[in-house]
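Student: The primary structure of each chain is shown beneath.
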Amino acid sequence: MSNWPTDNKYISHSTLRIDAPPKLTGSARYSSDIQADGWLYGMIYRSKWPSAKILSVDLSKALQVPGIKAAVVAREGQVNIRYYGEEIAAVAGTSKQACLDALRAIEVKAEVRHEFVVNEDEARKDNAPQVWDGAANVSAPHVHENGSVDTAFPECAAVIEGFYTTPIQIHNPMETHGNTVSWTDDGLTAWSSTQGITSVRDGFAGALQLDHSKVRVITDFMGGGFGAKFGPGAEGVLAAKLSKQAQAPVRLMLTRFDQALAVGNRPSSFQKIKMGALADGTLHAFEGENYGTAGIGAGGDSGGGGGGADIPMPYLYKVSNSRVKQSSVAVNAGSARAFRAPGHPPASFGMESAMDDLAVKLGMDPVEFRLKNDPSPIRQREYKIGMEKFGWKEKYEKPGSSPGVVKTGIGCAGAAWGGSRGDRNTQGEAQINPDGSIEFRLGVQDIGTGTKTIIAVIAAELLGLKPEQITVRVGDTNFPYGPGSGGSTTSPSVSPTVFNICQNALQQLQTQTGLADARGDNWFAACKKLGVSPLVVHGQWQQGLSTDHACGVQFVQVSVDTETGLVTVDKILGVHDCGLILNQNTLESQINGGIIMGMGYALYEERVMDDLSGVLLNPNFETYKLPGIADVPDIEIVLINMPERGVIGIGEPATVSTAGAIANAVANAIGARVSSLPITPAKVLAALGKVPSPSPAST
Amino acid sequence: MKAFEYATAHSAASARDLAGSTGAYLAGGNDLLGLLKDYLVSANILVNIKSLPGLDKIESGDKTWTIGALVTVAQIENDAEIQKVFPGLHDAASEVASQQIRNVATVGGNLAQHSRCWYFRHRDTVCLKKNGDLCYARNGENRYHSLFTGNSCISPVVSSLATTFAALDATAIVLRNGKETRLSMAELYQRAWENPLAHNSLNPGDLILRVEIPTTRSRSAYLQASDKHAFDWALVSCAAAAEMDGGTMKSPRVALGSISPVPHQVEAANQFLDGKVLDDTIATQAADLILKDAKPLEHNAYKVPLAHALIRRTLLKLKGAA
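Going line by line, the protein sequences match chains V and R.
Note that my numbering gives residue 64 to position 64 of the first sequence, counting from 1, and the numbers run on in steps of one.
Note that my numbering gives residue 1000 to position 301 of the second sequence, counting from 1, and the numbers run on in steps of one.
Looking at chain R on its own, in the form it has when it is part of the complex (with noise of 0.2 Å):
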C-alpha cells in the first residue's frame, strides 16, 4: 500500500478536520485496509476513529433504538435485548463474515463497505467502477451479481446489516459539512443504484455516527443463503419486519440483500402485505411483487428462484411458524 498518515480522533468534528477530503476513517479495518494494499482506494491520512466518546454504544429507547457507527457486529450478535427486541438483526448480524472479524467490525463500516464484485476487486482489471469502459462482469462472470441496477454497473450491495436495517426503517444518521443528516437506508444508497463509481451516497468527509431503529415493528426476521454454511457472503440476503395483531401484519418492510446496488425494496409489496393475515399464498405473491422486474444475465439467474424462497421463508418466520 501507498504511505499514509496516521492520526487519532477524539471528537466528530476534529476526525472530519483530520481527514479532509483525501482521508479515510479506520475503525475496524476490514474493508480499508484491504483496499489500501489492493491499491484500490488511497488516502493520505487515516484518522482512527475507535476513540471518538459514544459511538461504541447500543442504548435502548421505547420508541427508538440507537446503535453507535463503532458499535462492533459481535456487541450486536451478543446482546440479549437485542436479540429479544430485534431479532433479525441479531441472525444478520451473527452471519457476518467469522468470528474474528466479527469481534473487530464495526456498524458504520459493515454499512460503507465497498464493493466485493470480483472484476472491482481485481489488481488488473479496470471495470467502470474504477473509471473504465465497461461493466465486464454483464457479459462474463456473473453469478454473484444484481438482478436489478439503475445504471450499467451490475455490483451488488452486501451489507447484511443494511438489509437489516432498511426492513426496519432505520435511519443513518450522518456527520455532514459540520451537520447531523439523517438518511434512510434507500437514501444511504441511491448513488449506487445510479452511479456506477460510487458504493453509497456518502460524499468525501461523511461520517456514520449512528444508526436509529425505531420499535415499531416487533417482529423481524433474517435470512441469507450462501455457497457454504459458514464465513461465506450471502448469494442472497432477505430481511422483514412488521407489527403483528394476531396473524394480521402492520407496516410491513421487506429488504433483499446481494441482488441490487442498494438494498431491493419494493414498496408495492409492502403495501400489498400491510393489513394481510400472513400465510404461504400472501408471501408467495409478495415474492412475486418483490421479484417482477428482476433482469437475470447468464449466470445469476438462479437468484430468482432463491431469492423468492428466502422471501417466503423470511415472511413466514415473522410468524414464528417456520
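Only chain V is shown next, with the shape it has when bound in the complex (with noise of 0.2 Å):
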C-alpha cells in the first residue's frame, strides 16, 4: 500500500537531530527560558488542606510587597477544595523572592474538613468520607464478559490466581508544566511548554473568552511531555489572568513541588487475575476485577476530569471466556491525565506476570507459551527473533534455581497500541526561494522527538537535497494547522503531509519553470528560474502513507540481591515495530527513553500519600525516585523495518512491556512473585518471607 520511495539516501537511515547544534550549545530558547521584554514571575498559591471550603482569600498583603505587579485568585466565590494542592491564588512579581514573600502574605479564611480519603483501599470502604457530595466513591463496574468463564475453568488443566498492583505515577518530564503569558489589548500571545500549540490555543481561546485569531501560541522548543500538556492549564489561565492585571508578559513554570500535585498523573491499579489454561497452554479462561484512581477526577457522578482508571484486560490475548469488572475509585488527590500509552503498562505488568505465573504452573517455556497464545503475527515473528539475540533457550532455568546470594533471572512481555494513521487535517507549507532554500512550516510540536528532523529527512529524500539544507520551522499557531502530539500520531499525521507538499512543490516547479525534474542536482537552477518571487506550496495529509497498530516485545535479564532485595537490570532487548523507519537513531532514542521510563515504573516510582495529613510526601526527586544513568543497563534495539505499512508511531509501544518483563525476570530469578509495582529491595525481601512482622503499634 505504501506509496514511498526504495533504495532510500536518508530515509530509514540515521541523520543527526537537526536542532542538535542549539540544543547542545545552549542557544535552543526552550519555554522556560523566554524572556519577553519586561516579564515578570509568577507563582501559584496552593490549598495546604486536601479537604476545605475556601470562604475568602484577602489578596491586600501579598499586594504590598515590593516587586509584586498583580495577584489573582484561581476561582471568584466560596470555593470547595478537594485535594492537597489545589490552586487557590496566583502572585507575579519582578523577582522570585518577592512571588514567595507574596505567597506567604495571602489570607485565606477556610473551613476547613477533617474528613477526606487520599488512598484507594480506604477510599472503597463503606463509611469511607466522601469526595464528592452525595456521589460514592466507587463508581458503577464497567463489565465485559464472553463466552462462559464459569464452566470454563473446570476445564482448565492449570489455573492461577494472582493480586496486581500499580502504583500512581507522576508526570515529571525534564521541563515543567508552564508557559510565559502575555495578554494585551491586541490579543494574547504564550509561549508553552506544550504538547499541542493548537489545543492551548484553543483553551486559552475558551478560558478567556478570546476569539481563536486573538491567541498565538509559540513553542520553539520544549523539555517533553508524555501526555499531561495538552491545555493551557489552571496555571496557563492564572498566568494570562496576571498578566493582563500586570500589564506585562508573566512566565510562571510550575515548580517539582507544583508538578507533582496538580498536573497529572498515571492511574493506580489493583488487578486481581483468575487464569486459566488447557493442557496444550490455550488459554482458556480469564477472569480480571481491577480497581484505581484517577484522583478526585474519578468515582461516582463526579463526571471527572481526568478520565476513569480502566486497562485493557487480558491485554494482547483473546480468551474465548472472559469477565471483566473494572471499577474507577474517587480520592482527595490531583487527578490523572493521559500518561505514555494509558492503560497499557499497568495491563502489560498485570497480564504479563499473570501469563508467566500460569506458563510456571503449567511447565511451559514462558515465551513457547506466548507464542501459543499471543494473535499477532508481528508480535510472534518479533518474540522469534528476540530470543534467538536474547539466548532465551540457553538462558531460561525454572524459577529460583539461580544458585547463590545474588540470583540472576530472564523474563520477557510484549506490547500493543493502536495509535491512528494520523490527524487527516494536519496541513503544512514550504516556502521555496529563487537561491533554492527551502522552508518548510508545520503547525505542530516537536516534543523532542525529533519532529523537525524527521521532516528534513523527507523532504531531502522526495527533493534530493540534504537535510541541512532544510529549514523546518513548526511550534506556531500562525503555520498551517498540526495535531497536538499524543498516541504516537505525530509522524503518521506529519509525514504524509510533508510527502504531499513535496509532491506538489515538484509539480509546480516543473510548471512555473519548464523543467521536467526539479530534484536533486536540477533543484537550485530550476529555483532560479523562479525570477524574483518565492514560491509557496501547500500539503496535506493524505492516504497510503501511514498506518496505526504498532507492536513490540522486550526481553529483560536481572540480578537480584536475596539478602538486600536491591534489583540491578543487566540487559533489555527490545525488538520493536513502526512501520517505515524514518531516521534510526531518533528512533532509538525514543525507544531508549520508553525503557528507562518503564524502568522507573517498574523499580522505583511512587506517588506516596500520607493517610492522617492528606499531604503528598515525595514532591521532589529524592523521595520520588527516578531511574539514574547508574541504574540504567545495557540496552539493545532490533528494528523491523516495514516500508509496506506506512508511517506507524512509536511514543507509546516503547514503554509499554518494561515494567512486566522486569517483574517477569525478578520472579524467575527469586522463584517468588513480587505481585506490586515499584519493585524495591523491602518487597523483594518480603516476598522471599524474609520480613518479621512489625512491633505492636505504640504511640
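No lab work stands behind these hints: they were computed from the structure.
One or more of the hints may lead you astray.
[Stated by the list, open to error] List time: in silico DMTMM-like cross-link candidates among lysine to aspartate or glutamate, alpha-carbon distance up to 25 Å:
(1) V/Lys48 to R/Asp832
(2) V/Lys96 to R/Glu704
(3) R/Lys878 to R/Asp905
[Claimed, not checked] Which stretches of chain V does chain R cover? Using the computed rule of at least three CB atoms under 8 Å from a CB of chain R, they are:
(4) 609-622
(5) 685-691
Note that the structure is predicted; figures quoted are calculated from it, not measured.
Note that beta-carbon positions come from the ideal geometry of N, C-alpha and C, so glycine has one too.
Once you've looked at the hints, go ahead and assemble the two chains, each given alone in its own frame, into the complex.
Tutor: Structure follows, in C-alpha cells:
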C-alpha cells in the first residue's frame, strides 16, 4: 500500500537531529527560557488542606510586597477544595523572592474539613468520607463478558490467581509545565511548554473568551511531554490573568513541588486476576477485577476531569471465556491525565505477570506459552527474533534455580498500541526561494522526539537535497494546522503531509519553470527560474502513507540480591516495529527513553500520600525516585523495518512492556512473585519471606 | 527564604561571635540552603566559614589522623592514603549523594545535617520535630524510618560519615563556649536519641572544627543498601572497624546508620566480637546481638533482615574475604 520511495539515502538511515547544535550549545530557547520584554515571575498559591471550603482570599497584603505587580484568585467566590495542592491564587512580581514573600502574605479564610481520603483502599470502605458530595467514591462497575467463565475454569488444566498492583506514576518531564503569557488589548501570545499548540490556543480562547484569531501559541523548544501537556492548564490561565492585571508578560513555570500535585498522573491499578489454560497451553478462561484511582477525576457521578482508571484486560491475548469488571475510585488527590500509553503499562504488568505465573504452573517455557496464545503475527515474529538474539533457550532456567545469594533471572513481555494513521486535517506549507533555500512550516510541535528532523529527512529524500539544506519551522499557531503530539500520532500525521507538500512543490516547479525534474542537481537551476518571487506550496495529509497498530516485545535479564533485595537490570533487549523507519537514531533514542521510563515504573516511582494529613509526601526527586544513569543497563534495540506498512508512531509502545518484563525476570530469579510495583528492596525481601512482623502499634 | 545578613569569618572565634545564637554557619550549604528555602530553619545571619584557616586539611599521624571540618567529602574519597588506612571511610565518602554534591559538601556539614524525614521536610506538616503534637511517621509512612529510638520521633540519622566515624571510634572536636570540647560520635548525637526536637547534640553557636581518628584499627569497611544504585540515601548503612591479628579481631566496632536517631552501636556486640576469629557464624551472632531490640513498624520491618545482611557482609569484608 505504501507509496514511499525505496532505495533511500536518508529515510530509514540515521541523520543527526537538525537542532542538535542549538540544543548542545544552549542557544536553543525552551519555553522556560523565554524572556519577553518586561516579563515578571508568576507563582501559584496552593491549598495546604486536602479538603476545605474557601470562604475568602485576601490578596491585599500580597500586593503590598515590594516588586509584586499582580495577584489574582483561581476561582471567585466560595470554593470547595478537594485535594492538597489545588490552585487557590497566584501572584506575579519582579523576582522569585518577591513572589515567595507574596505567597506567604496571602490570607485565606477556610472551613477546613477533616473528612477526606487519599488512598484507594480507604476510599472503597463503606463509611469512607465522600470525595464528591452525594456521590459514591467507587463508580458503578464496567463489566465485559464473553463465553462462559464459570463453565470454562473447571475445564482448565491449570489455573492461577494473583493480585497485581501498580502505583500512581507522576508526570515529571525534564521541563515542568508552564507558559510565558502576554495578554494585551491586541490579543494573547503564549510561549508554552506544550504537546499541542492548537489545543493550548483553543484552551486559552475558551477560558478567557477570546477569538481564536487573537491567541497565538509558540513552542520553539520544549522539554518533554508525556500526555499531560495539551491544555493551558490552571497555571496558564492564571498566568494570563496576571499578565492582564500587571500589563506585562508573566512567566509561570511550575516548580517540581507543583508538578507533583496538580498536573496529572497515571492512575493506579489493583488487579485481581484468575486465569486458566488447557493442557496444550491454550488460554481458556480469564476473570479480571480491577480498580484504581484517577484522583478526584474519577468515581461516583463526578464526571471527572481525568477520566477513569480502566485498563485493557486481558490485554494482548484473546481468551474465549472472559469476565472483566472494573471500577474507578475517587480520592482526595490530584487527578489523572493521559500518560504515555494510557492503561497499557499497568495492563501489561498485570497480564504478563499472570502469563508467567501460569506458564510456570503449566510447566511451559514462558515464550512458548506466549507464542501459543499471542494473536499478533508481528509479535510472533518479534518473539522469535528476540529469543534468538537474547539467547533465551540457553539462559532460561526454572524460577529460583539460580544459585547463590545474588540470583539472575530473565523475563519478557509484549506491547500493543493502536494509535492512528494520523490526523487527516494536518496541513503544512513550504516556501521555496529563488536562491534554492526552502523552509517548511507546520503547525505541529517537536516535543523532543525529532519531529523537525524527520521533516527534513523526508523532504531531503523526496527533493534530492541534504537534510541540512531544509529549514524547518514548527511550533507556531500562525502556521498551517497540525495536531497535538499524543497517542503516537505525530509521525503518521506529519510524514504524509510533508510527502504531499514535496509532491506539490515538484509539480509546481515543473509548471512554472518548464524543467521536467527539479530534484537533486536540477534544484538550484529550477529555483533560479522562479525569478524574484518565492513559491509557496501547500500540502495536506494523504492516505496510503501511514498506518496504525505497532507491536513490540522486550526481554530483560536481572540480578537480584536476595539479602538486600536490590534489583539490578543487567540487560534489556527491545524488538520493535513502527512500519517504515524514518530516522533510525532518533527512533532508537525514543525507544531508549521509553525503556528507561518503564524501568522507573518497574523499580522506583510511586506517589506516596499520607492518610492522616492528606498531603503528598514525595514531591521531589529525593523520594520520588527516578532511574539514574547508574541504574540503566545495556539496552539493545532491534528494529523491524516494514516500509510496506507506511509510517507508524513509536512513542507509546516503547514503554509498555518494560515493567512486565522486569517483574517476570525478578520472579524468575528469586522464585517468588513480587506482585506490586515498584519492586523495591523491601518488597523483594517480603516476597522471599524474610521480613518479620511489625511490633505492636505504639504511640 | 527569609532575608538574612551574610558575613565571612576568618577565625573560629570570630565565626562564633558573628553567628551569635541565631546565626548559622555556611560551608557547602547543601543542607542549610535547602532548610532555609523550605522555611524549616531560619537564621538572621549566615557566617561563611570556608575561609577559616587550617580546617580544610587531612593530616596523617602515627596514632591519630585529623580531618578538618571543611574537608570536602570528595577530598576524602580521592585521598589515596585514606583509602589505604581507612578503607571504610573511603567507601562511605564515595557513596554520599552525587559527585557534584561531594565536591562541595564538607565533613562538618555532613555530620551536622538535619533529618531527612519526609514529614519533617514537608512544608505543610507540623510534626514532633517541628514542635507539633505527634510523629506522623509512627503510624504513617515509615518505610525510611528507625528501628530504634529513645523518644517518640523515629527520624534516623543519615550521615554515613558519622556511621563510619563511630566504627573507627573517632572524636569530633567542637568549639563550644570558646573552648574545644571533645565528643565521641555517640555523644555528638545523644540528644537526638532523647529529644525529638534535636537532630544532634550541638548547641546554638557550636562549631565542629575537626574529627580525629585513631589508627588503632587497621581494617575498616562500609556498606550501604539503597533503593537505587547511586545518588540515593541508604535504607541501612553499616560500618565496621577492627585491628586484625591473623583472623582474630581486636577492638572491633560496628555501627549502623538510618535505623536510629544516632549511629546505632551495641557495646555487647563489640565485646562479643573482641578476640573472636571472624567467620560467618560469628558475624551472624554479632548481627543478632546488634538487632536484638529492634522495634520494626508497619513499613520498615524489611530493614531488620537488610541490616542483618549488611552487618555480616561488612564484618566479613574486614577479613578481605567478602
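Student: Does each hint hold? Answer for all of them.
Tutor: Hints, verified against the model:
1. V/Lys48 to R/Asp832: OK: V/Lys48 and R/Asp832 at ~18 Å, within 25 Å.
2. V/Lys96 to R/Glu704: holds (19 Å)
3. R/Lys878 to R/Asp905: holds (10 Å)
4. 609-622: With 8 residues closer than 8 Å to chain R, the stretch 609-622 of chain V meets the three-residue bar; holds.
5. 685-691: Satisfied; 4 residues make the cut.
Hint violations for this structure: none, all hints satisfied.
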